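Modelling step: build the complete structure from the supplied sequences, incorporating the hints.
One-letter residues, chain by chain:
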Amino acid sequence: MQEAAQYSLVEDGAGGPRLELSGTLTLRAIGALERDLQALSGPIAAVDLTAVSEIDTVGAWVVCRLAREHQADITGASAAAERLLGAVRGIDATCDMRPARLPVWERVPVALGEKVYASRAGLYGVVGFLGQILIGAASLLRNPGRFPIRGLVHQMELVGVTALPIIGLMSFLIGIVIAQQGSVQLEQFGAEALTVNLVGRITLRELGVLMTAIMVAGRSGSAFAAQLGTMKLTEEIDAMRTIGISPIEVLVIPRILAATFMMVLLGFYASVVAIVGGAVVGELELGIPFWTFLSRIQEVVPEHDLWVGLIKAPVFGLIVALAGCYNGLQVRGNSEEVGRRTTMAVVSAIFTVIVLDAFFAVFFTEIGWG
Amino acid sequence: MTGLSHASDERPPIVIEGLANRFGDFTVHENLDLTVRRGEILGVVGGSGSGKSVLMRSIIGLQRPSAGRIDVLGHTITELDLEQGVGVRRRWGVLFQGGALFSTLTVGENVEVPLKKYYPEISTELRAEIARYKVILSGLPESAVAKFPSELSGGMRKRAGLARALALDPELLFLDEPTAGLDPIGAANFDRLTRELKETLGLTVFLITHDLDTLYEICDRVAVIADKRIVAVGTIPELIATGHPWIEEYFNGPRGRAARESHARAAG
Numbered sequence: 014m015q016e017a018a019q020y021s022l023v024e025d026g027a028g029g030p031r032l033e034l035s036g037t038l039t040l041r042a043i044g045a046l047e048r049d050l051q052a053l054s055g056p057i058a059a060v061d062l063t064a065v066s067e068i069d070t071v072g073a074w075v076v077c078r079l080a081r082e083h084q085a086d087i088t089g090a091s092a093a094a095e096r097l098l099g100a101v102r103g104i105d106a107t108c109d110m111r112p113a114r115l116p117v118w119e120r121v122p123v124a125l126g127e128k129v130y131a132s133r134a135g136l137y138g139v140v141g142f143l144g145q146i147l148i149g150a151a152s153l154l155r156n157p158g159r160f161p162i163r164g165l166v167h168q169m170e171l172v173g174v175t176a177l178p179i180i181g182l183m184s185f186l187i188g189i190v191i192a193q194q195g196s197v198q199l200e201q202f203g204a205e206a207l208t209v210n211l212v213g214r215i216t217l218r219e220l221g222v223l224m225t226a227i228m229v230a231g232r233s234g235s236a237f238a239a240q241l242g243t244m245k246l247t248e249e250i251d252a253m254r255t256i257g258i259s260p261i262e263v264l265v266i267p268r269i270l271a272a273t274f275m276m277v278l279l280g281f282y283a284s285v286v287a288i289v290g291g292a293v294v295g296e297l298e299l300g301i302p303f304w305t306f307l308s309r310i311q312e313v314v315p316e317h318d319l320w321v322g323l324i325k326a327p328v329f330g331l332i333v334a335l336a337g338c339y340n341g342l343q344v345r346g347n348s349e350e351v352g353r354r355t356t357m358a359v360v361s362a363i364f365t366v367i368v369l370d371a372f373f374a375v376f377f378t379e380i381g382w383g
Numbered sequence: 134m135t136g137l138s139h140a141s142d143e144r145p146p147i148v149i150e151g152l153a154n155r156f157g158d159f160t161v162h163e164n165l166d167l168t169v170r171r172g173e174i175l176g177v178v179g180g181s182g183s184g185k186s187v188l189m190r191s192i193i194g195l196q197r198p199s200a201g202r203i204d205v206l207g208h209t210i211t212e213l214d215l216e217q218g219v220g221v222r223r224r225w226g227v228l229f230q231g232g233a234l235f236s237t238l239t240v241g242e243n244v245e246v247p248l249k250k251y252y253p254e255i256s257t258e259l260r261a262e263i264a265r266y267k268v269i270l271s272g273l274p275e276s277a278v279a280k281f282p283s284e285l286s287g288g289m290r291k292r293a294g295l296a297r298a299l300a301l302d303p304e305l306l307f308l309d310e311p312t313a314g315l316d317p318i319g320a321a322n323f324d325r326l327t328r329e330l331k332e333t334l335g336l337t338v339f340l341i342t343h344d345l346d347t348l349y350e351i352c353d354r355v356a357v358i359a360d361k362r363i364v365a366v367g368t369i370p371e372l373i374a375t376g377h378p379w380i381e382e383y384f385n386g387p388r389g390r391a392a393r394e395s396h397a398r399a400a401g
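Same order as they appear, the protein sequences are chains A and B.
Plus 13 on top of the position in the first sequence (first one is 1) and you've got this note's numbering.
Plus 133 on top of the position in the second sequence (first one is 1) and you've got this note's numbering.
It cannot be assumed that every hint is accurate.
[Unchecked claim] Derived DEER-like restraints, expressed as beta-carbon distance ranges: (1) B:Gly287 - A:Leu115: 22 to 32 Å; (2) A:Ser348 - B:Ala313: 19 to 29 Å; (3) A:Tyr130 - B:Leu213: 51 to 61 Å; (4) B:Ser283 - A:Gly144: 23 to 33 Å; (5) A:Leu115 - B:Ala313: 52 to 62 Å; (6) B:Gln217 - A:Gly346: 34 to 44 Å.
[As the list claims (entries may be wrong)] Listing some non-contacts, in silico: residues in chain B with all C-beta distances to chain A over 10 Å: (7) Gly151; (8) Ala153; (9) Asp158; (10) Ile193; (11) Leu213; (12) Pro317; (13) Gly367; (14) Ala399.
Calculated from the structure, these hints are not laboratory results.
All of these numbers come straight from a predicted model, not from anything done at the bench.
Built from N, CA and C at the ideal position, the CB exists for glycine as well.
Quick look at the structure:
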């Protein structure tokens, strides 16, 4: 074990008391001693290091500080100690560890104002992004040979095919829950046969597509933002621009087309699986045979319910992909920003999808597709 | 630590015997031996992919070797349990290639992290003071203390990384390509800083580099990794005298000659 750091005050009459330090004056041993030294009051004429067996920069710093505060001399330092004292002596820094923060009554309005400006910049950014996509799409139309067909197929696989198991499971369970909970309520009116209408209409019109859009936003919208954001950080996107490849054409358009197209298929698939889930409940709980349930669906669900779902699906897919790609390309600076932008992509996509869904509901009812 | 401390401890700080590192079928090191002497700056050179960084990662315990024995500061790294690991870990500092600063903390707070972790008994004020003077010792201006790593240039980030590596007054300092990506002036300043710190603080420095100027200016000895092992260790003239083809090409290539001539001019 090493000898602890100690101090003693020696009164020898020569201009004031002398502080004698002894033992190991290192980071490892100095914690308690430093508090005691800070608490020392009264004049100290000299700090004596003769009995110090070991010293590092922290010890030297504490000694220097003590000598400065008491205008004391440092005596008895060995050559090595002298070197360390010399290294830290001139340093007198008092700055804060963190950048200064404004007081709260200034900080809140400032933050609010910055948010307003940022949202204006965000609006410009979104409009500019849409414009870039249109330009990219137009130039692809003029040069169809440049169309990134491989990227499109790859993205369709990622967005669509690999999502089948999770979306199937989710929809199946949703179908079960709607049928089971709906039948409990409808039973009170003796109308449990209407469970078929309930399941068929709500999944085809609303839930199939809406839940799929939320799932795609979580799976693929976030992936778009994180991928593009990371490529932005590693300067891949800048490299593409320098070579003359448009990132919009190569990265953004395939993702948007893939999400838009696959949302239609996934939404339809989700509705069908949910109806199957409802039919399973019908068979097991309500005494409606499985095939009867499915053929009843054809009778009670108007065809326009299917169209309502299928018209909404590509719009939702487009929104999810736009939010993901836009936020990904907005990443600047560090890795924290990738996480922030990914969150933002998912949240804004889901929010916009739900708001639009409400508009669609009103719109389709008004045009008589109720 | 200092010349005063560990005067009794004359064992070399790093001893590597028979080290082997394999990744699947790919062998990086085979039968590698190396001894680092106390108080020297040892430069480690080797071609790209020759396993310089893997060697450093093995020494600091980030990479478990396939075979061999590594002793650091009297502890066998390969056999350490967690508690002993903490004891030896706080006696070295590591500067990673990109600085590896924690991006959500300011430079000052980055330096405070190891202090907080290993010495919680130190008062908050003293900890802040230590962080400040370490930042300044590393050659950064005082204003850098409260800045975030994203606000710093590459060279400043390396200095901030160095400040964090020095936070615990280590005996051993590992530097992974400290001058890579710096302009020649910045690189020369960093070399001078390394040398000064080594002399003032009595450090032993394990330095991975590609920079021939660094090798000539500040390294006491140079170890060469080639053919999966250390083929030679010594001063640069000693290395050239071995006649190994890779060493020959390395030091007698156009860049090697230019560095030697400029070093000779500066010395003469």
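Here is how each hint holds up against the structure:
Hint check: Gly287 (chain B) to Leu115 (chain A), Cβ distance near 30 Å, so the stated range 22 to 32 Å holds. Range check, Ser348 (chain A) to Ala313 (chain B): Cβ separation about 21 Å, and the 19 to 29 Å hint holds. Restraint check, Tyr130 (chain A) to Leu213 (chain B): a C-beta distance of roughly 54 Å satisfies the suggested window 51 to 61 Å. Between Ser283 (chain B) and Gly144 (chain A) the C-beta distance comes to about 30 Å, which sits within the given range of 23 to 33 Å.
A C-beta distance of roughly 39 Å is found between Leu115 (chain A) and Ala313 (chain B), which places it outside the suggested range of 52 to 62 Å. In this structure the supplied range 34 to 44 Å holds for Gln217 (chain B) paired with Gly346 (chain A), their Cβ-Cβ distance being about 40 Å. Here Gly151 (chain B) stays apart from chain A, with its beta-carbon at least about 33 Å from theirs, past the 10 Å limit. Residue-level check passed: Ala153 (chain B) sits 33 Å from the nearest beta carbon of chain A, beyond 10 Å.
The beta carbon of Asp158 (chain B) is kept farther than 10 Å from every beta carbon of chain A, the shortest such distance being approximately 29 Å. Chain A leaves Ile193 (chain B) outside its interface by the beta-carbon criterion, the shortest separation being 20 Å against a cut-off of 10 Å. With a least beta-carbon separation of about 19 Å from chain A, Leu213 (chain B) lies farther than 10 Å from that chain, consistent with its non-interface assignment. Residue placement check: Pro317 (chain B) keeps its beta carbon more than 10 Å from all beta carbons of chain A (closest about 24 Å).
For Gly367 (chain B), the condition that its CB be more than 10 Å from all CB atoms of chain A holds, with the nearest at approximately 28 Å. Separation of Ala399 (chain B) from chain A is adequate, the least Cβ-Cβ distance of about 24 Å exceeding the 10 Å criterion.
Going down the numbered hints, you'll see the structure goes against just number 5.
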